[in-house]
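Taking the hints into account, I'd like the entire structure generated from these sequences.
For reference, the chains in residue letters:
2 protein chains.
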Amino acid sequence: MTKRTSTVSCDLTISLDGYAAGHNQSEQRPFGDDGGDGWGSELHAWYENKEENRAEIDRMTRAKAYIMGRNMFGPVRGEWDRPWTGWWGDNPPYHGPVFVLTHFPRDPQPMDGGTTFYFVTDGIESAFRQARAAAGDDGAISIHGGATTVNQYLAAGLITEIRLHYVPLTLGAGTRLFDGVPPLKLEQVSSRAATGVTHVTYRVLS
Amino acid sequence: MTKRTSTVSCDLTISLDGYAAGHNQSEQRPFGDDGGDGWGSELHAWYENKEENRAEIDRMTRAKAYIMGRNMFGPVRGEWDRPWTGWWGDNPPYHGPVFVLTHFPRDPQPMDGGTTFYFVTDGIESAFRQARAAAGDDGAISIHGGATTVNQYLAAGLITEIRLHYVPLTLGAGTRLFDGVPPLKLEQVSSRAATGVTHVTYRVLS
Ligand SMILES: NC(=O)c1ccc[n+]([C@@H]2O[C@H](COP(=O)([O-])OP(=O)(O)OC[C@H]3O[C@@H](n4cnc5c(N)ncnc54)[C@H](OP(=O)(O)O)[C@@H]3O)[C@@H](O)[C@H]2O)c1
Ligand SMILES: NC(=O)c1ccc[n+]([C@@H]2O[C@H](COP(=O)([O-])OP(=O)(O)OC[C@H]3O[C@@H](n4cnc5c(N)ncnc54)[C@H](OP(=O)(O)O)[C@@H]3O)[C@@H](O)[C@H]2O)c1
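Heads up: the protein sequence lines correspond to chains A and B, in order.
Using the working numbering, the letters of the first sequence map in sequence onto residues 1 to 206.
Using the working numbering, the letters of the second sequence map in sequence onto residues 1 to 206.
For the record, the hints were derived by calculation from the structure and aren't laboratory data.
Among the hints, erroneous ones may be present.
Which copy? The list can't say, so a pair holds if one copy fits it or any two copies do.
Claimed, not checked - In silico DMTMM-like links for lysine to aspartate or glutamate, alpha-carbon gap of 20 Å or less:
hint, residue 1, residue 2
1, Lys64, Glu125
2, Lys185, Glu27
3, Lys50, Asp137
4, Lys64, Glu161
5, Lys64, Asp137
Pasting the structure below:
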């Protein structure tokens with residue numbers, strides 16, 4: 001057996017107190033509660049600054065396969081009782097398979113541009129096997145969010161690279177990166193300051 | 001009244017999951033539990049890299065007055081039942097007054113080089129007034145740690161500048177920066193990568 005060296009990354013914007021989103025996500029407030037003052041939009045303000053953050057933004061959608069939680073996929077909860085094909089329009093930026101973790105079965109959802117959303121109801125290992133099969137042994141996999149999904153893959157030891165975008169605010173509540181994840185040793189691979197955000201990439205050592 | 005513009009800073013090395021120290025600090029393990037593998041020393045490894053981190057290290061001891069918790073001051077708990085004059089030898093790097101928050105009264109402890117440790121038993125506002133009186137209206141005050149102390153001053157709205165040194169590990173337990181602090185809006189003032197650490201400074205906006 002050769003050691004698998006392809007990257008399994010996660011990539012999250014987080015508040016300084018470690019939250020990737022507030023509670024009570026809805027279609028109107030995709031990042032959840034904001035304490036009434038729009039923190040959710042501030043969380044992703046850097047992302048609108050496309051020129052300055054080109055490298056970090058482009059890197060987010062360069063994987064061969066993606067895994068995300070159904071809360072990142074959209075605001076529908078429980079049974080799939082209304083049409084929903086994601087936040088990203090008819091031609092999502094993934095251009096490949098996206099495996100959506102959920103407890104509620106649903107047929108695959110093909111989109112323009114090569115993206116297909118597959119709904120996986122038998123757990124994180126199954127989604128990972130499917131993503132690996134799609135990406136090939138050398139293809140990068142992105143554990144795309146939110147924190148609930150990322151934390152499960154961190155705890156399972158399947159993530160090799162953590163990309164964080166620290167934004168200048170704290171939230172006090174929400175879904176928190178690293179919750180329930182055993183202590184990790186990391187290596188700082190790169191760190192770059194941009195306006196109102198610090199981009200840091202870590203390799204997971206153990 | 002003119003608006004007070006002097007800096008009230010805190011300056012903490014933190015794990016990526018937001019901890020400034022582990023639980024169960026002792027004289028042998030000043031940073032507390034380490035899960036058996038020395039994370040405490042790793043937390044401060046960057047600090048040994050004096051040349052590369054000269055600016056950040058020097059800045060830590062440039063205030064006119066300091067406030068710290070008695071756990072940062074040392075490992076003695078409860079009554080002051082044994083001699084203890086801090087971790088910093090006969091000539092501590094403060095060269096000015098250091099107000100130590102504690103519930104256990106003790107006489108002031110003068111040291112070489114102008115440092116005196118004063119033990120304050122009537123709360124954070126009292127310690128702040130004393131530090132302000134010592135520093136003067138224009139003098140910088142450092143809320144020097146640990147997180148339990150810093151969080152109280154953050155919650156009270158008294159800190160104007162937050163300096164963080166992000167180190168590449170997570171801890172999973174300990175005293176956590178921002179615990180119990182209402183949401184904050186900040187401005188990223190500076191951000192600098194060094195070997196194995198990212199130094200970031202934020203101004204508190206609200
Ligand atoms: N800050 C960032 O960079 C960033 C990135 C991505 C997303 N977000 C935000 O994060 C929020 C969503 O994150 P989140 O942590 O709340 O949730 P999430 O990880 O996106 O989704 C969690 C949901 O996925 C399903 N799920 C997760 N693991 C599963 C498993 N092992 N088996 C079966 N189903 C599973 C469950 O849904 P069901 O049981 O209902 O099926 C669960 O409630 C959104 O507000 C989104 O906008 C932020
Ligand atoms: N990562 C970093 O940059 C950094 C910086 C500084 C320290 N540290 C580490 O952090 C740890 C200490 O931090 P910590 O958060 O555990 O504790 P701390 O803030 O240093 O001290 C807490 C103690 O101070 C006293 N105290 C605090 N607030 C008080 C108040 N309002 N009134 C009266 N007494 C008060 C209490 O002691 P009593 O009730 O016993 O008197 C309390 O248990 C140590 O391991 C230290 O090495 C790390």
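Quick rundown of the hints versus the structure:
With identical chains, the CA atoms of Lys64 and Glu125 are at most 20 Å apart within one copy only, with a shortest distance of 17 Å there and 56 Å across copies. Taking CA atoms no more than 20 Å apart as the test, Lys185 paired with Glu27 passes in neither setting, with 37 Å inside one copy and 24 Å between copies. Taking the shortest Cα distances, Lys50 and Asp137 never come within 20 Å of each other, neither inside one copy (32 Å) nor across copies (43 Å). With identical chains, the CA atoms of Lys64 and Glu161 are at most 20 Å apart within one copy only, with a shortest distance of 15 Å there and 42 Å across copies.
Within a single copy, Lys64 and Asp137 get their C-alpha atoms as close as 10 Å, which meets the 20 Å cut-off; across copies the closest is 58 Å, which misses it.
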